[in-house]
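Engineer: Okay, here's what each chain looks like letter by letter:
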Amino acid sequence: MGSRRTLRWLVGGPPFLFLVVFFLLPALIMVVASLRYPGEFGGLAPLFGARPGEDSGLTAESYTVFFGDWVYFEIFAKSFGVAGLTTLVCLLMAYPLAALIARRPRTERNLMVLLVVLPFASNFLVRVYAWMIILGPFDLLFNRFAVICGMVYVHLPFMILPLYTNLEKHDPVLLDAAQDLGANAWQRFWRVTFPLSLPGIFSGSALVFIPVLGMFAIPEILGGKDDWIVGNMIKESFLGTRDWPFGSMLSLMLTLAVLAVAGAASWLAARGMRRA
Amino acid sequence: MALLEIRNVTRRFGSLTAVDNVSFSVEAGEFFTLLGPSGCGKTTLLRMIAGFDLPDAGAIVLDGVDMADTAPERRPIHTVFQSYALFPHMTVSQNIAFPLRMAGIAPAQIAARVKEALALVHLEEKERHYPHELSGGQKQRVALARSLVSRPRLLLLDEPLGALDAKLREEMQVELLEMQREVGITFVFVTHAQSEALALSDRIAVMNAGRIEQLDEPSRLYGIPRNRFVADFIGKINMLEGEVAESGDGRVRLRVPGLGEVQARVDGAPRAGSTAAVALRPEQVRIAGPDAPLDLPNRYRGKVHDFLYVGDVTTYIVDLPNGQQLQALLPNSSPGRAKFFEVGDPVSVAWPAEAGVVLTE
Chain A
1 MGSRRTLRWL
11 VGGPPFLFLV
21 VFFLLPALIM
31 VVASLRYPGE
41 FGGLAPLFGA
51 RPGEDSGLTA
61 ESYTVFFGDW
71 VYFEIFAKSF
81 GVAGLTTLVC
91 LLMAYPLAAL
101 IARRPRTERN
111 LMVLLVVLPF
121 ASNFLVRVYA
131 WMIILGPFDL
141 LFNRFAVICG
151 MVYVHLPFMI
161 LPLYTNLEKH
171 DPVLLDAAQD
181 LGANAWQRFW
191 RVTFPLSLPG
201 IFSGSALVFI
211 PVLGMFAIPE
221 ILGGKDDWIV
231 GNMIKESFLG
241 TRDWPFGSML
251 SLMLTLAVLA
261 VAGAASWLAA
271 RGMRRA
Chain B
277 MALLEIRNVT
287 RRFGSLTAVD
297 NVSFSVEAGE
307 FFTLLGPSGC
317 GKTTLLRMIA
327 GFDLPDAGAI
337 VLDGVDMADT
347 APERRPIHTV
357 FQSYALFPHM
367 TVSQNIAFPL
377 RMAGIAPAQI
387 AARVKEALAL
397 VHLEEKERHY
407 PHELSGGQKQ
417 RVALARSLVS
427 RPRLLLLDEP
437 LGALDAKLRE
447 EMQVELLEMQ
457 REVGITFVFV
467 THAQSEALAL
477 SDRIAVMNAG
487 RIEQLDEPSR
497 LYGIPRNRFV
507 ADFIGKINML
517 EGEVAESGDG
527 RVRLRVPGLG
537 EVQARVDGAP
547 RAGSTAAVAL
557 RPEQVRIAGP
567 DAPLDLPNRY
577 RGKVHDFLYV
587 GDVTTYIVDL
597 PNGQQLQALL
607 PNSSPGRAKF
617 FEVGDPVSVA
627 WPAEAGVVLT
637 E
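Residue numbers (my numbering), protein chains in the order written: chain A, 1 to 276; chain B, 277 to 637.
Be a bit skeptical, because a hint or two may be false.
What the hints assert, rightly or not - A few chain A residues facing chain B, derived, Cβ under 7 Å:
hint : residue
1    : 173
2    : 174
3    : 175
4    : 179
5    : 182
6    : 184
The hints are simulated quantities; they were obtained by calculation from the structure and are not laboratory data.
Bear in mind that the values here come from a model prediction, so they are computed numbers and not experimental data.
Backbone N, C-alpha and C define an ideal beta-carbon position, used for all residues, glycine too.
Isolated chain A (complex conformation) (with noise of 0.2 Å):
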């Protein structure tokens, strides 16, 4: 029995520890960093023995700025909805797709999966920037629908992959048996593989959604300066006002707000399983 234990640690403890290290502790650090001063070059002002007229120690400064203007609910709010409608469209563009290619012969499936996971393979800047070459000439740069476009381009793969796995194991005896019983094609669907491909549809669009609240890119490169996300309050907190408590404040909001829709989503879901 030792040696299984052993085996364990060797085999868990690596990544456990890297996790630790690289993981907990950096959110642990930011957890602090949030609820310091801001130094005065940028960076933080030190916890002890500052120099007079410097701040020091710890400070709920950031939350009251966040929770005193109604400017960051309405950038938080506008992130989640444009996030919300990346992942909406990536869902009704991946579905048909990952179900066309589910249903294909084995060999072509793999063939088929390959060209979706292509993209990746060149340069994530290059192709966010093809989009203002195929874009400019409509005179449709910089704004919002250019921003979903580059989202919606650069996500679809994390929510086709996981749909094609999950479409991809469902037994076409079940379908049979729908339309046996007396189910139409559109209730075949909706009664039998839409709520089989749920947990597909849950992974993807957490692999679409989450990233898309982070990203900064894509809003900066495509959008107008009405088209700030998240992602990009976060990135100029650090590297253009250099206010990093605030900055991580907003990150640390950032984990709350999408633990919330997640666990929302979740709790929808076992209740919508239960009805069902």
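Got chain A sorted already, so can you dock chain B onto it with the hints?
Structural biologist: Just chain B now, with coordinates in the frame of chain A:
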């Protein structure tokens, strides 16, 4: 008028003719079985009756209506699939309610009929369970209840007992029969298991290579097989090949090389000199000591090659003088006797003339 008529149905896949000009009809209330080895076309035929596949030629007629233009979801025919095909995201009740919901029946009525169907298959206490929480036999019952709840004109069963273990399969056979009598729905049952077919069916169509070899009641199929395929496929049988010496008056004398003459009954009058076989069920062969008085026209000496003791009966495999082996069944009903003969014992085997069936095909 028959409930279901299969008229000259043919289905080809490329160069393979899966169903070859098949015709038969099924009466209302009948338990009809399509029996045959895998690849004989029985499942293709079933899929065409359900509507998942269409014949290349011929017609499938239900209640006098040609089903060619009726989609599967509009046919009053339901199927029990071999894998049960229960919807994994629905509870037992929801699965059973599915066809009723598709038919647009009022919710209050659905609840009552689901209850009724659950009672029919004795699964009242499982209504809130999901399929993955059920045993194989329970899944089977849910699939049956789901297919029967909306009272189809015809129920198709595609090897429904194939995935169950032997004991459960026998229990389900009895239940299936009772259920069919209770609901009075016509069953078309597909199987490759001949014992299952014999036990359950009113009539059986034995299929081979896309054709029906024989369509008859179980006892006639077993007792009077029409050809070598049917004789061999249904039950155990001894086959003695020979040449017709003389025939007439419903009797035939066959010359079997190395053995001598064999007498059997025959329907027609096979031409003298033609080849034929005598098919003989093991339970019709008497086996006795070498000098026992057996007053039967077919009597031969042999030696016990081996025996299989299976409890109620023992099957003896006897080496005949011509090198062929003959199976003979002996019931173990006499008290205190575990065995009658040992391997190597000389014995005589005999059977009456009426026991053997002459096969010319």
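Engineer: With reference to the structure, classify each hint as holding or not holding.
Structural biologist: Status of the hints after comparison with the structure:
no., hint, in the structure
1, 173, "5 Å, holds"
2, 174, "6 Å, holds"
3, 175, "9 Å, violated"
4, 179, "5 Å, holds"
5, 182, "4 Å, holds"
6, 184, "6 Å, holds"
Checked against the numbered hints given earlier, this structure breaks only hint 3.
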